[in-house]
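Trainee: As they're listed, the protein sequences go chains A and B. Our numbering puts the first residue of the first sequence at 42, with every later residue one more than the last. Our numbering puts the first residue of the second sequence at 42, with every later residue one more than the last.
These are calculated hints, taken from the structure and not from any lab test. A virtual CB, placed ideally from N, CA and C, is assigned to each residue, including glycine. Check the hints yourself; a few may be wrong.
Claimed, not checked - Computed Cβ-Cβ distance ranges for the label pairs, DEER-style: (1) N351/B - T245/A: 44 to 50 Å; (2) T245/B - A143/A: 42 to 48 Å; (3) T147/B - K248/A: 43 to 49 Å; (4) K209/B - K50/A: 24 to 30 Å; (5) D57/B - T245/A: 33 to 39 Å; (6) F360/A - M317/B: 54 to 60 Å; (7) V227/A - P124/B: 36 to 42 Å; (8) K127/B - D242/A: 58 to 64 Å; (9) E249/A - E265/B: 49 to 55 Å; (10) G348/B - T245/A: 47 to 53 Å; (11) I100/A - F360/B: 52 to 58 Å.
Said to hold, decoys possible - According to the in silico footprint, chain A covers these stretches of chain B (three or more CB under 8 Å from chain A): (12) 146-159; (13) 296-303; (14) 314-327.
Protein chains: 2
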Amino acid sequence: MNKQLIFKKRPIGFPDEQTWNLETTEIPILKEGEVLIQHHYISLDPAMRGWMNDNKSYIPPVGIDEVMRAGSIGKVVKVNNHPHYKVGDCLTGWGGVQQYVATDGTGWHKVDDTIAPMPLFISTLGMPGMTAYFGILEVGKLKEGDIVLVSGAAGAVGSVVGQIAKIKGCTVIGIAGGKEKCDYLVNELGFDAAIDYKSEDIYTALKEKCPKGIDVYFDNVGGEILNAALTKLRMHARIVICGAISQYNNKVKVQGPSNYLSLLVKRASMQGMVVMDYAKDYGKAAQEMGMWIAQGKLKSKEAIFEGIENFYETYGRLFSGDKKGKLILKVLED
Amino acid sequence: MNKQLIFKKRPIGFPDEQTWNLETTEIPILKEGEVLIQHHYISLDPAMRGWMNDNKSYIPPVGIDEVMRAGSIGKVVKVNNHPHYKVGDCLTGWGGVQQYVATDGTGWHKVDDTIAPMPLFISTLGMPGMTAYFGILEVGKLKEGDIVLVSGAAGAVGSVVGQIAKIKGCTVIGIAGGKEKCDYLVNELGFDAAIDYKSEDIYTALKEKCPKGIDVYFDNVGGEILNAALTKLRMHARIVICGAISQYNNKVKVQGPSNYLSLLVKRASMQGMVVMDYAKDYGKAAQEMGMWIAQGKLKSKEAIFEGIENFYETYGRLFSGDKKGKLILKVLED
Chain A
42 MNKQLIFKKR PIGFPDEQTW NLETTEIPIL KEGEVLIQHH YISLDPAMRG
92 WMNDNKSYIP PVGIDEVMRA GSIGKVVKVN NHPHYKVGDC LTGWGGVQQY
142 VATDGTGWHK VDDTIAPMPL FISTLGMPGM TAYFGILEVG KLKEGDIVLV
192 SGAAGAVGSV VGQIAKIKGC TVIGIAGGKE KCDYLVNELG FDAAIDYKSE
242 DIYTALKEKC PKGIDVYFDN VGGEILNAAL TKLRMHARIV ICGAISQYNN
292 KVKVQGPSNY LSLLVKRASM QGMVVMDYAK DYGKAAQEMG MWIAQGKLKS
342 KEAIFEGIEN FYETYGRLFS GDKKGKLILK VLED
Chain B
42 MNKQLIFKKR PIGFPDEQTW NLETTEIPIL KEGEVLIQHH YISLDPAMRG
92 WMNDNKSYIP PVGIDEVMRA GSIGKVVKVN NHPHYKVGDC LTGWGGVQQY
142 VATDGTGWHK VDDTIAPMPL FISTLGMPGM TAYFGILEVG KLKEGDIVLV
192 SGAAGAVGSV VGQIAKIKGC TVIGIAGGKE KCDYLVNELG FDAAIDYKSE
242 DIYTALKEKC PKGIDVYFDN VGGEILNAAL TKLRMHARIV ICGAISQYNN
292 KVKVQGPSNY LSLLVKRASM QGMVVMDYAK DYGKAAQEMG MWIAQGKLKS
342 KEAIFEGIEN FYETYGRLFS GDKKGKLILK VLED
């Protein structure tokens with residue numbers, strides 16, 4: 042049987058128990074040219090919250106009564122005459138929150154799970170890693186010597202952004218929630234400084250820890266942290282708008298950055314990004330990041346929780362911040 | 042004697058009668074290497090409001106008891122051994138709101154007032170024209186076929202932005218206040234459409250007049266118009282932040298654009314500019330714009346009011362919108 046998380050009701054604010062329903066259905070019967078993938082891991086990402094809204098966005102919203110959209114990784118367990126894939130192949134794609142998925146392979150790609158553990162392919166070698174890589178290097182136009190500020194710095198994207206900036210010879214300040222995460226950034230990931238937004242006043246902390254201002258701000262959170270970062274821009278600074286997790290569960294309007302006129306004063310720019318635009322270069326990026334990982338220059342951290350039954354509770358950790366690194370749900374049952 | 046407008050008190054909100062004082066002093070005595078310029082025209086610009094605030098910005102604020110800062114144009118009436126300038130030369134620079142100014146020439150440059158009337162050199166061939174030229178071409182990265190939206194479209198900068206975009210083969214929609222200005226944009230300046238923000242709902246009007254969205258938004262006003270423009274961005278759109286006249290007299294916080302996450306959805310950018318950065322290329326731009334004017338492709342409109350005594354009332358027109366084109370004060374007395 043196949044356990045599937047079905048999207049039942051568009052949430053207002055934070056999703057509640059009515060948002061999804063866990064249902065058990067038959068494992069799909071393969072058509073000619075299809076493979077059956079058994080999911081091992083599901084990727085949980087803040088972007089999921091956006092996909093639930095009935096808005097025009099960079100992809101259509103998840104439909105009511107559809108399987109909840111999610112990135113995933115698993116192994117081929119059955120094949121009906123597929124031209125490329127065979128039983129045992131490890132594939133990653135948009136499989137959704139369910140245990141099994143049938144596909145003709147469109148949008149999936151094969152990875153070699155003998156060179157790295159599976160979770161890594163939906164973490165630093167997957168979407169979050171790609172987002173960090175192209176976001177900071179291409180959109181952020183990172184240069185050696187830049188002073189880089191990153192929010193959500195202990196998360197899947199932010200932690201990689203900061204480490205790439207260190208590899209490239211920059212000064213890096215991370216913003217995260219809680220002492221443990223801040224210590225982790227400085228002591229384990231090599232950030233130059235960290236700001237605990239839960240216990241520090243962000244304006245005072247920026248003054249202390251970025252006394253010379255910032256060249257690049259990589260924003261995962263929006264809200265007052267974005268607004269504060271705008272007051273510290275250096276000339277020709279770049280702000281990368283990757284997300285706005287502080288605003289995703291708003292029941293009221295998104296908070297606009299009232300300090301945006303700093304863009305004028307500092308001839309700075311604020312640019313949005315969506316990782317899918319860089320798909321053709323994922324291979325090159327994964328190769329470079331894989332090398333950094335092998336050399337010990339880039340650490341990938343996954344927070345893995347178990348059981349598709351625990352989806353709701355685990356999803357909540359994205360927004361409570363109660364996890365470190367990439368949030369992953371293991372759905373393979375022993 | 043020299044009539045000077047002295048800055049007396051930093052305003053909160055819109056300047057009042059205590060903000061400035063008109064004083065009469067001796068005409069300055071020239072030092073060795075100086076010239077005396079008799080002002081003919083003073084440039085009145087929305088940016089003046091920003092210069093009155095005691096904030097860090099792209100230039101220092103005007104000091105209390107100093108002559109109010111302003112661009113100006115006039116003629117040399119006296120010389121004390123100046124290496125380049127002679128009596129009768131026409132010079133433009135930052136002379137301030139006063140009738141006479143003594144200078145060694147730093148920051149001034151000579152123009153040929155036999156080829157164009159003096160006001161044009163502080164209008165389309167001066168700062169506002171340069172702002173429009175570099176703003177739309179360099180910061181806005183204008184391409185043939187782009188759909189361009191410009192606010193403050195009947196103003197000194199906006200009217201030139203729109204006309205340059207037409208010259209470059211774009212579709213241009215202007216936003217201005219009142220039917221007369223909107224008719225002027227379409228009938229006299231060749232804009233494709235105009236939106237009267239005073240009588241139309243901006244969201245509805247944008248839906249009607251920019252049905253395909255916009256590639257470039259040139260923003261002079263900020264506030265709800267910027268926020269509305271953000272909802273109409275096409276992929277890879279560019280927003281040029283040139284000013285925010287709707288917010289300059291705020292007594293409360295600037296309104297941040299709550300729709301800024303459209304930048305992410307549309308992979309768009311928002312970039313600030315200050316015209317002084319392009320100073321080394323002013324000559325080239327003035328030459329090209331002068332050619333367009335001569336060919337009848339670019340119209341320059343000046344709204345000229347008379348008398349330094351009427352500064353306060355005339356300055357108010359910048360914000361009430363009660364003028365068309367570049368606002369200029371004639372301070373030469375007959």
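Trainee: Does each hint fit the structure? Answer for all of them.
Mentor: Now the hints, each set against the structure:
The hinted window of 44 to 50 Å between N351/B and T245/A holds, with their beta carbons roughly 47 Å apart. Distance hint check: the CB atoms of T245/B and A143/A are about 46 Å apart, consistent with the given range 42 to 48 Å. Taken as a hint, the range 43 to 49 Å is violated for the pair T147/B and K248/A, whose Cβ atoms sit roughly 35 Å apart. At roughly 49 Å, the beta carbons of K209/B and K50/A sit outside the given window of 24 to 30 Å.
Look at D57/B against T245/A: about 35 Å separates their beta carbons, and that is inside 33 to 39 Å. Separated by about 44 Å at the C-beta atoms, F360/A and M317/B break the suggested range of 54 to 60 Å. For V227/A and P124/B, the Cβ-Cβ distance of about 59 Å falls outside the hinted range of 36 to 42 Å, so the restraint is violated. Restraint check, K127/B to D242/A: a C-beta distance of roughly 60 Å satisfies the suggested window 58 to 64 Å.
Hint check: E249/A to E265/B, Cβ distance near 36 Å, so the stated range 49 to 55 Å is violated. Between G348/B and T245/A the beta carbon distance is about 50 Å. The supplied range of 47 to 53 Å therefore holds. A C-beta distance of roughly 43 Å is found between I100/A and F360/B, which places it outside the suggested range of 52 to 58 Å. With a cut-off of 8 Å between beta carbons, the stretch 146-159 of chain B has 0 residues touching chain A; three or more are needed, and the interface restraint is violated.
Requiring three or more residues with a Cβ within less than 8 Å of a Cβ of chain A, the coverage given for the stretch 296-303 of chain B holds, as 8 such residues are present. Coverage of the stretch 314-327 of chain B by chain A holds in this model, with 3 residues showing a Cβ closer than 8 Å to a Cβ of that chain against a need of three.
In summary, the structure is inconsistent with hints 3, 4, 6, 7, 9, 11, 12 from the numbered list given earlier, while agreeing with the others.
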